[in-house]
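Following the hints, put chain B in place on chain A, whose structure we already have.
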Amino acid sequence: MNSVVSGAPHDIRGGTQLASLADAMTTRTDAQPRTEREALVALLGEAATERAISICATYQMMNRLLDAVGAPVHPHFLPIAEELGFHSDDLER
Amino acid sequence: MTGGADTPNEPSQALLSDAVVAPQANRLAAVEQAWQNLTTAGPILTTRQRHEIIAVARSAWAGAGAPNSTIGLAGEAAYWVASDPGGITKETVGGFEARGLSRLAYLEVVGVVARLANVDFYSRGLGASLPLLPPIDALLPTGRVNGAATITDSWVPMLSPALAPFVLDALPAEGEALRDIHEAMYIPMESLGDGTYEDELTRPQIEYVAARTSYLNECFY
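Sequences listed follow chains A and B, in order. Take 1 as the starting number for the first sequence in the numbering used here and just add one per residue. Take 1001 as the starting number for the second sequence in the numbering used here and just add one per residue.
So here's chain A without its partners, still in its complex pose:
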């Protein structure tokens, strides 16, 4: 779980580069992630990079969808959210 927060997983091949790509796509919403994409292509190849981009794009969709309809956070996930640094009171919809 700490690796999700830090963006530096040690047990996932290309984890740091995958995190950097997700960070760039999520936080720079008006620019292409050129540097991060090139780094991932160099390490994992084009097919894996395209796959990572598709997953990140899909979660841009699903996160907006579920937040905007007020889908309740399942109680199962509350401890995980707190481990990530968010207080359960903040997750009340």
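These are calculated hints, taken from the structure and not from any lab test. Treat the hints with care, since some could be wrong.
As the list claims (entries may be wrong) - Partial list, computed: chain B residues near chain A (C-beta under 8 angstroms):
{"no.": "1", "residue": "G1065"}
{"no.": "2", "residue": "A1164"}
{"no.": "3", "residue": "V1167"}
{"no.": "4", "residue": "D1194"}
{"no.": "5", "residue": "G1195"}
{"no.": "6", "residue": "Y1215"}
{"no.": "7", "residue": "C1219"}
What the hints assert, rightly or not - Simulated coverage check for chain B against chain A, where a stretch passes if three residues somewhere in it have a Cβ under 8 angstroms from a Cβ of chain A:
{"no.": "8", "region": "1013-1025"}
{"no.": "9", "region": "1038-1047"}
{"no.": "10", "region": "1083-1093"}
{"no.": "11", "region": "1129-1140"}
{"no.": "12", "region": "1197-1204"}
Ideal Cβ placement from N, Cα and C applies to all residues, glycine included.
Below, chain B alone, put in the same frame as chain A:
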């Protein structure tokens, strides 16, 4: 191949044709289908309204400020879904309804912005130009709504407790369109529970990208 600019492409240009990293064929087909669906009339909203929603969402991602009074209720909702969906509350949605945007119309706005996010973030990620809006057609909204949908555990009508990717099913065509792009871009529905699933990435790599993205978006579903 040179990378596309962060601007819409030319009308005659095929989607993702200028991508630096080539899309997989099934995902290209899913994006083409999604874009065709997004840019025409939906169950409640007209083609023009859906085009306006797309323009507003793209402006929000480009850093535009809060909407002004001329943007319209659907546009206002689109801005917040694009830029700060976690900041939307049940009071926000109730306020839209009180001002004239029904909960089903709001749900259609949410579906359009969310699927647009998939199309646009994927395009930009690959280094391609964003799809250009086509001319506005004369099609009327279909009116297809599932009358059995009710408000269960969320803020909009649904057929069951909120469960992705079924949250749009009060608007059947929107729900089907969501699953079409979700399956092509994420994992086949029948493999969602298979922890050993892998393709170009391993399941841990897939879920790490998903978790990191959701963490940054402060989303916990």
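Would you check chain A against the region 1038-1047 of chain B, counting CB to CB pairs closer than 8 angstroms, and say if three or more residues qualify?
-> n = 0 at 8 angstroms, threshold three: violated.
Let me know if the C-beta of V1167(B) comes in closer than 8 angstroms to any C-beta of chain A, holds or violated.
-> The hint holds - V1167(B) has a Cβ within 8 angstroms of chain A, the shortest such distance being about 5 angstroms.
With a cut-off of 8 angstroms between beta carbons, are at least three residues of the region 1083-1093 of chain B near chain A?
-> holds (count 6)
Supplied contact hint for C1219(B), tested at 8 angstroms Cβ to chain A = This hint holds: C1219(B) lies near chain A, its Cβ roughly 4 angstroms from the closest one there, short of 8 angstroms.
Do the numbers back the hint for A1164(B), that is, is its least Cβ distance to chain A under 8 angstroms?
-> holds (6 angstroms)
Would you check whether G1195(B) satisfies its interface hint, that is, whether its CB is within less than 8 angstroms of any CB in chain A?
-> Because about 14 angstroms separates G1195(B) from the closest Cβ in chain A, which is outside the 8 angstroms limit, the hint is violated.
Would you settle whether the hint for D1194(B) is holds or violated, based on the nearest Cβ-Cβ distance to chain A being less than 8 angstroms?
-> Because about 16 angstroms separates D1194(B) from the closest Cβ in chain A, which is outside the 8 angstroms limit, the hint is violated.
Outcome, coverage of the region 1197-1204 of chain B by chain A - at least 3 residues whose beta-carbon is closer than 8 angstroms to one in that chain = holds (count 5)
Count the residues of the region 1129-1140 of chain B whose CB lies closer than 8 angstroms to any CB of chain A, then report whether that count reaches three.
-> With 0 residues close enough to chain A, the hint is violated.
For the region 1013-1025 of chain B, does the count of residues with a C-beta closer than 8 angstroms to a C-beta of chain A reach 3?
-> holds (count 5)
With a cut-off of 8 angstroms, does the beta carbon of G1065(B) approach a beta carbon of chain A closely enough for the hint to hold?
-> violated (14 angstroms)
Tell me if Y1215(B) is really an interface residue toward chain A, meaning its C-beta lies closer than 8 angstroms to one of theirs.
-> Status holds, d = 5 angstroms.
Taken one by one, the earlier hints fail for this structure at numbers 1, 4, 5, 9 and 11, listed in ascending order.
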